[in-house]
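As you go down the protein sequences, you meet chains R and W in turn.
Oh and the first sequence: position 39 is 73 in this note's numbering, straight run, nothing missing.
Oh and the second sequence: position 112 is 891 in this note's numbering, straight run, nothing missing.
None of these hints come from the bench; they were simulated from the model.
Any given hint could turn out to be false.
[As the list claims (entries may be wrong)] DSBU-like mimics (lysine-lysine), calculated; alpha carbons at most 30 Å apart, straight line: (1) R:Lys120 / W:Lys1321; (2) W:Lys1164 / R:Lys120; (3) R:Lys142 / W:Lys1086; (4) R:Lys142 / W:Lys1159; (5) R:Lys172 / W:Lys948; (6) R:Lys172 / W:Lys918; (7) W:Lys1321 / R:Lys142; (8) R:Lys120 / W:Lys898; (9) W:Lys918 / R:Lys190; (10) W:Lys1164 / R:Lys172.
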Amino acid sequence: MQKDSMKICTTEKTANRYASLLPALLLATLLLHGCAVKRPVQRPDYPATPTTPTTPTYPTPPAYPTPAETPVPPPVKSDQIKYTPKIGPAGSLYQQATASISAGDYDKAELALERALRIEPRNGHYWYTMAQVKYEQKQYSQTIHLCLKSKSFAGKSDQLKQLNDRLIQDARQQLNE
Amino acid sequence: MKKKSPTQKKSLKTIVPVTLAIFIFLLAGLYCVNYISQVNDEIRQKFDGKRWSVPAVIYARPLELYPGMQLTPDMFIQELQLAGYRQENPVQSPGGYFRKNSTINLITRDFSFPSGIEKSTSLRITFSANSITNLSNNKTGEELTFTRIDPARIGSFHPLIHEDRLVLKSSEIPEILRQCLITVEDKNFNTHYGVSPTGILRALYANMRAGRTVQGGSTLTQQLVKNFFLNRDRTLSRKIQEAVMAILLEYHYTKEDIFTAYLNEVFLGQDGGRAIHGFGLASQFYFRRNINDLSVAQVATLVGMVKGPSYYDPRKNPENCLARREIILRLMLDDNIITQEDFTLAQKSPLSDVVPQGNGFNRFPAFLDLVRRQLTEQYKEDDLKSNGLKILTTLDPQIQWNTEKQIKESTSVLANKTDQKQLQGAMIVTGRENGEVQAIVGSVNPLDAGFNRAVDAQRQIGSLVKPAVYLAALARGYTLASPIMDVSLAINNDGKSWRPENYDKKEHGQVALYAALAKSYNLATVRLGMDVGMQNVITTIKSLGYSEQLQPYPSLLLGSVTMSPLQICQIYQTIASGGFYLPLRSIHSVMDSDDKVLTRYALEVEQRFSPELIFLLTHALERVMHEGTGSRLQFSKDRFYAGKTGTSNDLRDSWFAGFSDAHLAVVWLGRDDNKPVSLTGSTGALRVWGKVMEAINSNSLEATEPENIAWQRIDTTTLQPATAINRNSTLLPFVSGTEPVTSWSAPEIDLQKIEDGAKKVEDGAKKILESLNNLFK
C-alpha cells in the first residue's frame, strides 16, 4: 500500500490533471504525511560511529537473555515434550533415550542422546532432552547452558523455546536453593 | 684314675652323633618349614592378587551404521580390517565378513559399551556407490534403522618390551582346547598333586628309548610355576623349588584355577616388542578369531606351539608347524577327542587361514599421545600400564586416514614447489558441534611417534587472531557494514613507534568491517582493535577458549603470539559451535577390566557469546572463502565453508582454520627450525585443508540463522543501504535493529523530498478546491 501511495505522490503533475480523483488524492496525501512523520528517525546514526565500550559483556555467561516474564512453571517432565522425531537412526536413538529417561536411567539416556546428536547435531529437541537429563542428574548449570544451546536451534518453534525457558527457570531456582 | 666303662663309652659314642643328627635334622626341618612358608606366602600373594599386568587398551570410536549413511563398501572393509575382522565365505562366526558385489555380510562381536553389552549380531548391508541403502539382521531378516560395529583396538599403553594377553575366564575355555591341551601336555593333570612321578618315569623311559628329549616330565602345574614364579634357570635347586611350589599351588587352588591360569600365562609368540601370551590373544593374533570360534585344526596348531612358539610358528615355519599339528591331531584322535571324520578334515586343511601380521596396533601415534595426556590428568602411569583399562576414544579412522594421506601428499607437492625439503605440518579435525577430536596428525610422516606438532608446536598465529578482534568489535556495537579506515598508523608502545603494514604494502581507505576481515587487512584491524581496546580483545580471546596469559601489546592484534594447533582448534571450536565453548575431547569413557565405567567425559557446553554475534562473524568468515584470502580454494563441487588464513612474519608459518557443516579443521605448515617456508596461509595450509574436506566429503556449511537477524543490502563503496539493482552492492546480516534503514524510508533527504512532494500535491488540491468553490459561488 505504501508503495502505491508513493507512486501517486511522486507523480504530482498527473494528479493535477485528474481532478476527479480528488478525494483519493486527499486521502493519499494525509496518509503519506502520517507515514513520513512516523518513520523511525531515532535509529542509531548511520554509518555507526564506534563508541567506546560502556558495558563489558564478558565473561558473564549466559549472555543469551531469557524472558523475565515467563510464568513460574511446574517442574518439566519428559511427558511434556510432544516431539515426534523423524524416522531414522537419530530419531530411534532419541526414542531410546526418552525410554531410558522414563525408566530413570539417565546415564544411559545421555549416551543415546550423544549418539543421536552425532548424527543430527542441530536438532534443538535432542539438546533440550539432554538438558532434561542434566537436570535430573542435578547438574543445573549445565542444564541452563544446554537449554541455551537448544534455543539457538529452536528457529520458529515457540513451544521449544518455552520449554527451554521453563527448564532454565527451574534450574536457576535449584541453583539458588 | 677311673676308667670309663665300655658301655659308657659306647653310649657316648652313639649319643653324640644321634643328638647331632637330631639337631641337624631339626635345623633342616626348621629351615624347610621356613622355606616352605616363605614360598607359600609368595605363591598366595601372587596368585591371589592381580595375576598379570594388562596394559590399558585404546579403542577407536565405534562405527555407526544406518541407511542413508555416506560410506563406500571399500571404506567399510578397511574399517573392518582395522577392527580385526577376517574374510570368510560363508560368514560363520563373530568377526567374519564377506563381500559380494555391493552387499557385505558380517557377524559382529560382543562388546561392552558404557551403556551395556551389545551382543554379536549377524548383519547384511547393501551399498549404493557411496552410501548404505539397506541394513538388516541377517538371521531374522528384520530391517534395522541403525546399529554399530564393535570398535577397533588402536593401541595400548605399555613399556617398550612387554607381555600382552587377553585374559580368559574359565567359562570361556572351549572343551576341545581343554582336552587337547591336557592330552598333549599332561595326561594325569586331573589326578596328580602337582608333580607326577609316573609322568617323570614315563618321560625318562621315552627319552631313553628315543635317545633324545621327546617328552617333558613336567606337569601343567610345574610349567605354570616355572613361567609364573621362576626364571628360566635349569639347576637342580630350581627343579626342587618348582616341585615344592607346584605341590603348594595344588594344595591351595582348584584344578580349574590352575588350568585357567596356565592357559592365560603360556607364551605363544612374539610381535616385535610385544610378547603374545595366552590362548585368548594367540587366537586373535594368528587367526583373528575368538577362542571359541577355532576349528579343530586351529586348536591343534596353537596347542602344538606350546612346545616352541618360534620353531612351530605357522607364519615363519609353516612346515614345522604342519608336522607338529599332525602329531597333535593324532593324539586327539587316539584319545577320542575328535572323530575320524574331524581328523581327516583337519588334516587336509591348509595353513592359509593364518592371517598376515597386521600393523594396525599403535598406528596413530599423535592421537594416542593426546589420549595419554588427557588420561594422565586423572590416572597414574601405573594404572594405565597394568590394570587392563578399556579406553573408548573419539578417533574416526576414516577421517584419520584421509587426513594423514592428504597432509603427506600435499606437503610433498608444496615442498617440491617451494624447494623446502624440511616442510613440516600438523592438522586436527574435530566434530563441529561436539568438540570430539576425530583425527590428529603431528608430522608430515604420520607414523613418526616423535614430536607431536599438533599439540606441542608453539607457533606465531598471524591473522588467525583476527576473528577475535572483530568479534570483540561486533559485541560493542559495530556491524558488518561499519566503515573502518585501512590507512597507515603509528602506535607508540613502551617508547617505541610501531608501524604495521598490509601484506600488499598498500592502504585501502574506507572499507566495510566484513571486507577488512575477509581480505585480512592489517591496518584496518589494528585501528579497530585499538578502538575496541586491547583488554577487550584479550578477554574475547580467552572467552573463546585460550587459557594462557596474554600481554596487551598492540602487535597481538596481528597475531604476534604463539599457540599450538590444538589451542587454535579450541578457540575456533567456540566460533564453529555458535558461541558455545566445548572442551575438546579425545576420550569418551574409561572402563575397568570388568567393564565398569570409571570415568565419562561427557559432552559439555557453555555459552560464551550470543548466537547472533557468532552468526555475523561466521558470515564474515564465509566471505573469506568467497572473496577474501580463502577464495583461492577451488572445489569440484560447489561447497561453502567458513574459515580464516594465517601467515606469520617472513612466511614462517602457514595456517588455516575453518569449518564445514560437520567438521572443524586446523592446519599448520612450517619448519621446525622456524625458517621461512615461502608459503602464506592461502598458498599452503588452505590447500591441505581443502583437500581433506573434499576427501572426507564434508558438506557445505549451513549456519543456523538466529531469529534476531535482519538482512540488508549495502553499497560496497559508500557502505550505504542499496537496492538490488545496484551492481556494487551486497546483502549482509545484522542484529535486528542495528541494520541501516532502507533508502526509501530512512534518509532524511528522501523524507524531505516526499514531504515536499506531498505538500505540493496538497497545495495543488487546495487550489483546485478553491477554484471549485469559486465556481459554485
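Hint by hint, here is what the structure shows:
| no. | hint | in the structure |
| --- | --- | --- |
| 1 | R:Lys120 / W:Lys1321 | violated, 39 Å |
| 2 | W:Lys1164 / R:Lys120 | violated, 45 Å |
| 3 | R:Lys142 / W:Lys1086 | violated, 48 Å |
| 4 | R:Lys142 / W:Lys1159 | holds, 28 Å |
| 5 | R:Lys172 / W:Lys948 | violated, 39 Å |
| 6 | R:Lys172 / W:Lys918 | violated, 43 Å |
| 7 | W:Lys1321 / R:Lys142 | violated, 34 Å |
| 8 | R:Lys120 / W:Lys898 | holds, 27 Å |
| 9 | W:Lys918 / R:Lys190 | violated, 44 Å |
| 10 | W:Lys1164 / R:Lys172 | violated, 35 Å |
Of the numbered hints given earlier, the model fails hints 1, 2, 3, 5, 6, 7, 9 and 10; all others are met.
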